[in-house]
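K.L.:
Chains as they are written, first to last, in our numbering: chain R, 1 to 47; chain X, 1001 to 1390.
Incorrect hints may have been included.
To spell it out: a stretch of chain R is covered by chain X in this simulated footprint if at least three of its residues, at any positions, have a beta carbon under 8 Å from a beta carbon of chain X; those stretches are [what the hints assert, rightly or not]: (1) 8 to 19; (2) 31 to 37.
A few chain X residues that don't get close to chain R, going by computed Cβ distances all over 10 Å [what the hints assert, rightly or not]: (3) Asp1109; (4) Tyr1118; (5) Glu1132; (6) Lys1197; (7) His1231; (8) Phe1259; (9) Met1262; (10) Asn1276; (11) Trp1322; (12) Ile1373.
Hints in this document: simulated from the structure, not taken from any laboratory.
We put the CB at the ideal spot given by N, CA and C, even for glycine.
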Amino acid sequence: MDSIYYTLQDFMLHSKNITYIVMGIVLIALPLFWRFLSGRDEKKRTY
Amino acid sequence: MSDDTTRADTRILTPFNVIAGSIILVGLVLTVLRFTKGIGAVTNLDDNNPWGLWIGFDLLCGVALAAGGYVTSATCYIFGLKRFHSAVRPAILTAFLGYALVVFALNFDVGRPWRLPYPIFFSPGTTSLLYEVGLCVFLYLMVLLIEYSPAALEWLGFRKIRNIIVRLTLVLTIFGVVLSTLHQSSLGALFMIAPSKLHPLWYSGYLPVYFFVSSIFAGMSMVIFEGSLAHRYLHHKMDETHLAESEGVALGFAKAAAFVMMGYVGIKVIGLAIDNNWHYLATGWGAWFLVELIGFVALPAFAYALAARERNLRLARWAAIWSVLGLVLNRLNISLVAFNWHLPSAERYFPSWMEIAISVFIVTVGIVVYRFISTHMPILYEHPDYRHEH
């Protein structure tokens, strides 16, 4: 967290790495949250 | 609908009238003071803090909380979810009054109300975000006036004009969504001009996105909150359709708001990551940031989710108040609390009592006008002559 970045490349590499990990977590978490939200909805009949 | 309360309303000295009347009286005195003695006589604004409570609360919160208008009309007319239809008119009315009061409040801040049309018609600054916000608010206020007008025209009995305007509903809705997308985000973008003044935890290149997304759930929360108030105080004005649909509207919006709020939390964390601001979280500012993000966004989102799952209307209504407070906290943090964060405390801004009183006065005017319109015009019920026309 407190590391010193000597170039913009270093900084971008570090922050983008973390960002992509966070994005992955969000992309997994949001559908799970949607399942939690809709867990008790009445099932739609598709036949 | 019963006439009991209508009869009760004929009394002039009701607690509501006394309190609202006193606030309006004080507000009028302060208004005279502000326009005769100048902005310095009533505010604590200075060169470091040229935008105070009137911008942070009246304008930023007013615009965001009025987002219920475009959210509800888009839900009903663009996404075709007709079960939300009964919420459209109250939401449009709230949005119309909200925007009208934003413009009203802006006059206190900028002064010289007769020059208000200048930026639009005489000297447009087409490269300025403020110009874009002004133009959008001006146009959207017109759109809201037209969207609201069928209720007034039904009340007045102007059937022909009312029928013409009702045919424009879809066009107006699309126009409203476009304008709202533009200016809700631009209000956030205004703060991007001050990266050295706004604390890094609140400053982000994604501020426009944050403002727009937060306006969506703020609008939904306001519709739920306002629906619960209408149920309590204007129950006698609601017809069977409104009463039957109100629970579905509240729980439907609770579910949508929960999902949008969790998405908002996600993009806020992504914003933290992309600017590598994690280390600020360990400071006092970080704690305050987490209070806002977790305490006033993630937790009410979870409360909304539980309410939608368990079909708990009461919880949805409490979560709505919680979320509205969260939105207000966010806008005040960005415009006042985390703005000029590096200044010594002696130079920090705190609103004068007169600024607060004028804000309370403006909110009170809104409540009084809303109450008048919803008790006289077909807002919470369908006019008998136009039933089943939608």
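K.L.:
State for each hint whether it applies.
P.N.:
We went through each hint and held it up to the structure:
Using a Cβ-Cβ cut-off of 8 Å, 6 residues of the stretch 8 to 19 of chain R lie near chain X, which meets the minimum of three, so the contact claim holds. Three residues within the 8 Å Cβ limit are the bar, and the stretch 31 to 37 of chain R against chain X gives 4, so the coverage statement holds. Every CB of chain R lies more than 10 Å from the CB of Asp1109 (chain X), the least distance being 38 Å, so the non-interface label holds. Here Tyr1118 (chain X) stays apart from chain R, with its beta-carbon at least about 43 Å from theirs, past the 10 Å limit.
Every C-beta of chain R lies more than 10 Å from that of Glu1132 (chain X), the closest at about 29 Å, which supports listing it as non-interface. Its beta-carbon lying about 23 Å from the closest one in chain R, Lys1197 (chain X) satisfies the requirement of being farther than 10 Å from that chain. Listed as outside the interface, His1231 (chain X) is consistent with that label: its C-beta sits roughly 24 Å from the nearest C-beta of chain R, beyond the 10 Å cut-off. With a least beta-carbon separation of about 6 Å from chain R, Phe1259 (chain X) fails to lie farther than 10 Å from that chain, contradicting its non-interface assignment.
For Met1262 (chain X), the shortest C-beta to C-beta distance to chain R comes to about 5 Å, within the 10 Å cut-off, and the non-interface label is violated. A Cβ of chain R approaches the Cβ of Asn1276 (chain X) within 10 Å, the least distance being about 4 Å, so the stated non-interface status is violated. Trp1322 (chain X), annotated as away from the interface, keeps every beta carbon of chain R farther than 10 Å; the closest lies near 17 Å. Every CB of chain R is more than 10 Å from the CB of Ile1373 (chain X) (nearest about 35 Å), matching its label as outside the interface.
Against the hints set out earlier in the document, violations occur for numbers 8, 9 and 10.
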